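Trainee: What follows is each chain in one-letter form.
There are 2 protein chains.
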Amino acid sequence: MTESTYHTLDAAGIRSLISGVPVVAGRLGGTPDLWRVHEVSDGNLNNVFIVGGPTGEVCLKQSLPYVRVDPTWKMPLDRTYFESEWLRAVRPLVGGLTTEFLHFDPVLHVLIVESLSGHTVYRSALMRGVDWPDVAPRIGTFIAHATFGTSLLALPFEDVFAARRDFARNVTLTRITLDLVFDHPYRDHPRNNWDEPELTPLVLDIRSSAPTLLAVENLRRRFLSQPQALLHGDLHTGSIMTKADDTRVIDGEFALYGPIGFDCGMFVGNLVLHYFATPDATARSATIRDIAAFWTCFHAQFLTLWNRDEAPPAGTLRPLAYGPAAHTAQLAFLEEIEADTMGFAAAEVIRRIIGYAHTADFDVIADPRQRGACRAGALAFAYYILDHTAQIRTLGDFLRHLGEQEKVGL
Amino acid sequence: MTESTYHTLDAAGIRSLISGVPVVAGRLGGTPDLWRVHEVSDGNLNNVFIVGGPTGEVCLKQSLPYVRVDPTWKMPLDRTYFESEWLRAVRPLVGGLTTEFLHFDPVLHVLIVESLSGHTVYRSALMRGVDWPDVAPRIGTFIAHATFGTSLLALPFEDVFAARRDFARNVTLTRITLDLVFDHPYRDHPRNNWDEPELTPLVLDIRSSAPTLLAVENLRRRFLSQPQALLHGDLHTGSIMTKADDTRVIDGEFALYGPIGFDCGMFVGNLVLHYFATPDATARSATIRDIAAFWTCFHAQFLTLWNRDEAPPAGTLRPLAYGPAAHTAQLAFLEEIEADTMGFAAAEVIRRIIGYAHTADFDVIADPRQRGACRAGALAFAYYILDHTAQIRTLGDFLRHLGEQEKVGL
Numbered sequence: 001m002t003e004s005t006y007h008t009l010d011a012a013g014i015r016s017l018i019s020g021v022p023v024v025a026g027r028l029g030g031t032p033d034l035w036r037v038h039e040v041s042d043g044n045l046n047n048v049f050i051v052g053g054p055t056g057e058v059c060l061k062q063s064l065p066y067v068r069v070d071p072t073w074k075m076p077l078d079r080t081y082f083e084s085e086w087l088r089a090v091r092p093l094v095g096g097l098t099t100e101f102l103h104f105d106p107v108l109h110v111l112i113v114e115s116l117s118g119h120t121v122y123r124s125a126l127m128r129g130v131d132w133p134d135v136a137p138r139i140g141t142f143i144a145h146a147t148f149g150t151s152l153l154a155l156p157f158e159d160v161f162a163a164r165r166d167f168a169r170n171v172t173l174t175r176i177t178l179d180l181v182f183d184h185p186y187r188d189h190p191r192n193n194w195d196e197p198e199l200t201p202l203v204l205d206i207r208s209s210a211p212t213l214l215a216v217e218n219l220r221r222r223f224l225s226q227p228q229a230l231l232h233g234d235l236h237t238g239s240i241m242t243k244a245d246d247t248r249v250i251d252g253e254f255a256l257y258g259p260i261g262f263d264c265g266m267f268v269g270n271l272v273l274h275y276f277a278t279p280d281a282t283a284r285s286a287t288i289r290d291i292a293a294f295w296t297c298f299h300a301q302f303l304t305l306w307n308r309d310e311a312p313p314a315g316t317l318r319p320l321a322y323g324p325a326a327h328t329a330q331l332a333f334l335e336e337i338e339a340d341t342m343g344f345a346a347a348e349v350i351r352r353i354i355g356y357a358h359t360a361d362f363d364v365i366a367d368p369r370q371r372g373a374c375r376a377g378a379l380a381f382a383y384y385i386l387d388h389t390a391q392i393r394t395l396g397d398f399l400r401h402l403g404e405q406e407k408v409g410l
Numbered sequence: 001m002t003e004s005t006y007h008t009l010d011a012a013g014i015r016s017l018i019s020g021v022p023v024v025a026g027r028l029g030g031t032p033d034l035w036r037v038h039e040v041s042d043g044n045l046n047n048v049f050i051v052g053g054p055t056g057e058v059c060l061k062q063s064l065p066y067v068r069v070d071p072t073w074k075m076p077l078d079r080t081y082f083e084s085e086w087l088r089a090v091r092p093l094v095g096g097l098t099t100e101f102l103h104f105d106p107v108l109h110v111l112i113v114e115s116l117s118g119h120t121v122y123r124s125a126l127m128r129g130v131d132w133p134d135v136a137p138r139i140g141t142f143i144a145h146a147t148f149g150t151s152l153l154a155l156p157f158e159d160v161f162a163a164r165r166d167f168a169r170n171v172t173l174t175r176i177t178l179d180l181v182f183d184h185p186y187r188d189h190p191r192n193n194w195d196e197p198e199l200t201p202l203v204l205d206i207r208s209s210a211p212t213l214l215a216v217e218n219l220r221r222r223f224l225s226q227p228q229a230l231l232h233g234d235l236h237t238g239s240i241m242t243k244a245d246d247t248r249v250i251d252g253e254f255a256l257y258g259p260i261g262f263d264c265g266m267f268v269g270n271l272v273l274h275y276f277a278t279p280d281a282t283a284r285s286a287t288i289r290d291i292a293a294f295w296t297c298f299h300a301q302f303l304t305l306w307n308r309d310e311a312p313p314a315g316t317l318r319p320l321a322y323g324p325a326a327h328t329a330q331l332a333f334l335e336e337i338e339a340d341t342m343g344f345a346a347a348e349v350i351r352r353i354i355g356y357a358h359t360a361d362f363d364v365i366a367d368p369r370q371r372g373a374c375r376a377g378a379l380a381f382a383y384y385i386l387d388h389t390a391q392i393r394t395l396g397d398f399l400r401h402l403g404e405q406e407k408v409g410l
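Sequences listed follow chains A and B, in order.
Letter 223 of the first sequence, counting from 1, is numbered 223 in UniProt numbering, and no numbers are missing.
Letter 27 of the second sequence, counting from 1, is numbered 27 in UniProt numbering, and no numbers are missing.
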C-alpha cells in the first residue's frame, strides 16, 4: 500500500501503488507479480514508467524533488498535480488529442495515464524525415478547443477565476519559463550555453537591439498578464506523441492561464527549429506547409467554436453586438493571437539555441560547421522577427521571410 | 465577547466586540459603557458605525447577508474581508491617502479602521460647489502608487500571482460590476431605470450602435483579462473622503486585479457626471481642470516610480532595454492606460444614468426638465466617446470634446 510520505518509487513501489488503485489494476489485469515496469524517463524533469499487464498498459509519471537531469537543481513536487489538473480540464474539450486521465496520487505526486501504443515523439519523427501532414492541423485543433473551452468566451467568469486561481499556484514551472525564455538569453547568465563561437556576435547584436529587447519585454508582460485561457505551457514538438493517424499532446505540467498565442508560438517555434535543422528543400517546404496548416486550422476551429449556434454560450464574454462588426472584432482578437504567436515563436527559437535547454533537432547534422551555420540561420531569423515586430504583421509575412531562408545557410 | 457565529451587530454587540480587541479599545479609551455608537450607513451594501470614546474614535463596518438598500438581494458576507485585504496591501504604498487598518473579525465580517475627522464625501462637497483643486491630483497620486506597487513592475511575479489568487475570490462584487457596468445597460433588464422619457431614444441608439457595443465588449474583456495591478474597483467620488488639505480613498471592498485604467476611468467618469450636473460655467471649467490635473499627476507619479534609481526594483518586469527606446515603451504602456481610462469613464457615465445605481450629482438640479437635459447631455457625451474610440486617442481630445459641451445642455 501507499506509504504516507513521499518517496521515489521503484518497480516494487509502483506495483504496490497500483494494486491499491482498482481502475488502474483492472486495466493491467492479472496480479502485481505479472506487471512489467519499464523506466522510459526522457524529459528533463520527472521519472516516467510504462507498466504492462496481461490485459493492458499504463504510463506512470512521478515528480522528483529536483530536476531529473540536474539533481543539484531542487524543485517542489507539485508539478504532476498541475499536469493532472490540466489533463482533467482539457481532455473533455479535445477528446482523443490528449491521453486519458486514470489516477493522481497527491502524496507520491504520481500521475497515471493511458499508455500510448505505437506513437513516437513528434520531434523524433521529424528528425527521421517522416512527413505526416495531418499532425500540425491536429495541434491547431487541439489548441483551439483547449483554449476556447477554458476561456471567458465559453465559461462564466466565476469558473475562469477559480481555474486561474488553481493554476496561478504553478509558480515553480512558470518561473522556469520566465527565466529561461524571457530573461537569461538576453543577458549574461551561467545557464546560457552555445557551442559555436560564430553565434556569439549575433547574440551580442540581439542583446544590444532595443526593438528586440522591447519586443521580448512585451512578450514577457503578455505571458504574465493576459490570462486568456488555460495553456499547455510547454507545447514543443517533444510534448507531442504521434503516428500517422493519431496525435496526442502530453506533459501539461507547465499549465497556466496565459495568452493563447504562447501555445501557438511554442509549437511554431519548434517547427522553425526543425526547418533550420533540415538540409532538404522538400522537407523545408513541408515544414512551411505544416506551419500554415496549423494556423489555418487553429483559426478556423476557434471561429467555429465562437460562432456555433447551438444553445447560447454560457461564456461571460458572449457578444453584445452582432452582425459584420462582431465578425470584425473576432478577427481582431485572432490577429492579436497571430502577433503573439510570431513573437513567442521567435523567443522560443532564440532560447533553444543560446539558452539552457536546447532541442535535439540540430543533432541530425553531423558536420559541426554546418550545424553552426544552421543554428546561426535560425537565430538570425528569430532576431529578424523580433526586430521587425512592427513590420511583420501576419503569419503569411513570417512564412514568406522563412521561405527566403532556404537560399542561405546551407 | 464575540459569539462564534455571524450575527448583525447592534450598539451592545459592537461594545462587546471592541472590548476584546485591545488595539481598538485602547484607542477609544475608558470603559465600554463610555463608548458612543452612531450608525452612519450610507453606501448600498453594508452597516457602518462610528464608535467614539474618551480618547479616540474608530469606524466599524459590517457586511450584511444582503444588499443594505435591497434586502431581497442576498449576498455573501466576505466583502469586508476583501476590503481589509485591499487596505492592508495599499496602505503601505499610499500612506495617508487611505485610512489606517485596525482590525478585521473574520467571523462577524467586521472591519475596523481609523475614523476620519472633519472629512466630507467628495461627491457631496462637489455638489455643494466646493472647489478643492488638490483633491483630483491626490487621487492621481493614490492610483499611481497603489497600482504600481502591486504590479509586476514592482513585485516578483510569485507575489503578484499570490495576490491575484486572493482577490480572484472576490467574485460576488466582481459579478455586480460586470452586470451593472458592462451588461445590463446595453440590453433590456429590469434593474435598469431612468425617469426621463427623453433619454429613451438615446438609449436605443446606444444599444444599436455596433462601434459602441464593440467598445463595451472590449472594455469588459479588459476588465476581466488584464490583471495589471490591484484596483480599488469602485473609485467613484463617493468612495473618497476629503477636506481641503487631506484626502482618503475608502471602501475597497470591490478590490480586484484588473486594468489600471479602470480605477482612473471610474474617477474620471464621476467627475464627468458632476460636470454635466453643474449649471455653472466656472465650476465646469474647474472640473475639466481637475480631470486634467488628475491625469497629469497620475502619469508623472507612475513614471517617477518606474524610473526611480534607488536599489534596482524587485519587479519581474524590470527592463531588459534601457535608454530612449525604453522610455518610449513606458509611454506606450501609459497610453494604453489612457485609452482604458476614457473608455471606462464613458461606461461609468452610461450606467450611472440608465442602469441600476445612479449617483446623487443630478439631484442639485431642481427642475425635472433641466435635470433630464443635463442627464441627456452626459449620456450623449459618453455615447460619443465610445462610438469614437478609434478617433479620441488622448485625454486631451476627450477634454476638448467635453469642453465643447458647455455650449449645449443648459
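Be a bit skeptical, because a hint or two may be false.
No farther apart than 25 Å at their CA atoms in a straight line, the calculated lysine to any residue pairs in the SDA-like style are these [stated by the list, open to error]:
no.	chain 1	residue 1	chain 2	residue 2
1	B	74	A	162
2	B	74	A	218
3	B	74	A	158
Rather than coming from a laboratory, the hints here were simulated on the basis of the structure.
Note that this is a predicted model, so its numbers are computed, not measured.
Trainee: Under the criterion that the straight-line Cα-Cα distance not exceed 25 Å, is the pair residue 74(B), residue 158(A) satisfied?
Mentor: 17 Å, holds
Trainee: Holds or violated: are the alpha carbons of residue 74(B) and residue 218(A) at most 25 Å from each other?
Mentor: 42 Å, violated
Trainee: Next pair to validate is residue 74(B) with residue 162(A); report whether the Cα-Cα distance is within 25 Å.
Mentor: Distance ~21 Å between residue 74(B) and residue 162(A) Cα, so the pair holds.
Violation of the numbered hints given earlier is confined to hint 2; every other hint is satisfied by the structure.
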